[in-house]
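J.: Full structure from sequences and hints, please.
Be aware that the sequence shown starts at 3, since it is given in this note's numbering, and climbs by one per residue.
One should not assume that every hint holds.
[What the hints assert, rightly or not] Distance windows between CB atoms, simulated: (1) 161 x 64: 30 to 38 Å; (2) 85 x 149: 41 to 49 Å; (3) 180 x 33: 20 to 28 Å; (4) 35 x 150: 26 to 34 Å; (5) 20 x 60: 22 to 30 Å; (6) 95 x 161: 23 to 31 Å; (7) 100 x 10: 27 to 35 Å; (8) 94 x 8: 54 to 62 Å.
If you're looking for bench data, these hints aren't it; they were derived computationally from the structure. C-beta: ideal position from N, C-alpha, C; glycine also.
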Amino acid sequence: MMTTLERADAFCSRFGLTMPILQASMAGACPPGLAAAVANAGGMGGMGALLTPPAGIAEWATEFRAQSNGAFQVNLWIPDPAPVRDPALEARQRTFLETWGPTVPAVAGDATPPDFTAQCPALLEVWPRVVSSIMGLYPPAFVASLKDRGIAWFSCGTTLSEALAAEAAGADAVVAQGAEAG
Numbered sequence: 003m004m005t006t007l008e009r010a011d012a013f014c015s016r017f018g019l020t021m022p023i024l025q026a027s028m029a030g031a032c033p034p035g036l037a038a039a040v041a042n043a044g045g046m047g048g049m050g051a052l053l054t055p056p057a058g059i060a061e062w063a064t065e066f067r068a069q070s071n072g073a074f075q076v077n078l079w080i081p082d083p084a085p086v087r088d089p090a091l092e093a094r095q096r097t098f099l100e101t102w103g104p105t106v107p108a109v110a111g112d113a114t115p116p117d118f119t120a121q122c123p124a125l126l127e128v129w130p131r132v133v134s135s136i137m138g139l140y141p142p143a144f145v146a147s148l149k150d151r152g153i154a155w156f157s158c159g160t161t162l163s164e165a166l167a168a169e170a171a172g173a174d175a176v177v178a179q180g181a182e183a184g
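T.: See below:
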């Protein structure tokens, strides 16, 4: 059985790190310079790509690599099915929110994140050491593509059932994260 230090050393060796530190990859809070600083200090930089279109993922990776030859990960939020809209409920919610701040336009609920099915191939193209996920599982074909390229998949699990599902789906690691995170 490996000691804790031996496991940390093996982890670092596998991912090209000098210390087992990973930057939390939150959307909008992971500029390339910060991720490069983490990688240059021996950890793994990270990008939260939830709100980033494919071209932006490539730009981020290019900027990161201009500042560091260290490891990085890219994280995506696995999308839920499109919600059923209730215009009357949305109108009541906008009215309520207006009591606390500016008028909320009716189109505020129409915002959509970038196309997840286009983001996945963009992750493969930038070839990070790790691709991570939150709030669901990557499709099996994408997991197979990751494995074919030697890219590890770290799945965030907010419950035991999510962690077990990620393990069964082929995740290389499960990151235990409370349901209140994100």
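J.: For the range 26 to 34 Å, tell me whether the beta carbons of residue 35 and residue 150 fit it or not.
T.: This hint holds: roughly 31 Å between Cβ atoms.
J.: Honestly, do residue 20 and residue 60 meet the 22 to 30 Å range at C-beta?
T.: Distance hint for residue 20, residue 60 holds at roughly 27 Å.
J.: How does the Cβ-Cβ distance of residue 100 and residue 10 compare with 27 to 35 Å: does it lie in that range?
T.: 51 Å, violated
J.: Given a hinted range of 41 to 49 Å, is it respected by the beta-carbon distance of residue 85 and residue 149?
T.: 32 Å, violated
J.: Is 54 to 62 Å respected by the C-beta to C-beta distance linking residue 94 and residue 8?
T.: 58 Å, holds
J.: Between residue 161 and residue 64, does the beta-carbon spacing fit 30 to 38 Å?
T.: 36 Å, holds
J.: Could you tell me whether the CB distance from residue 95 to residue 161 stays inside 23 to 31 Å?
T.: Check passed, 27 Å falls within 23 to 31 Å.
J.: Taking the CB of residue 180 and the CB of residue 33, does the distance hold inside 20 to 28 Å?
T.: Roughly 25 Å apart at Cβ, these two residues keep to the hinted range, so it holds.
Of the hints listed earlier, those the structure fails to meet are numbers 2 and 7, in rising order.
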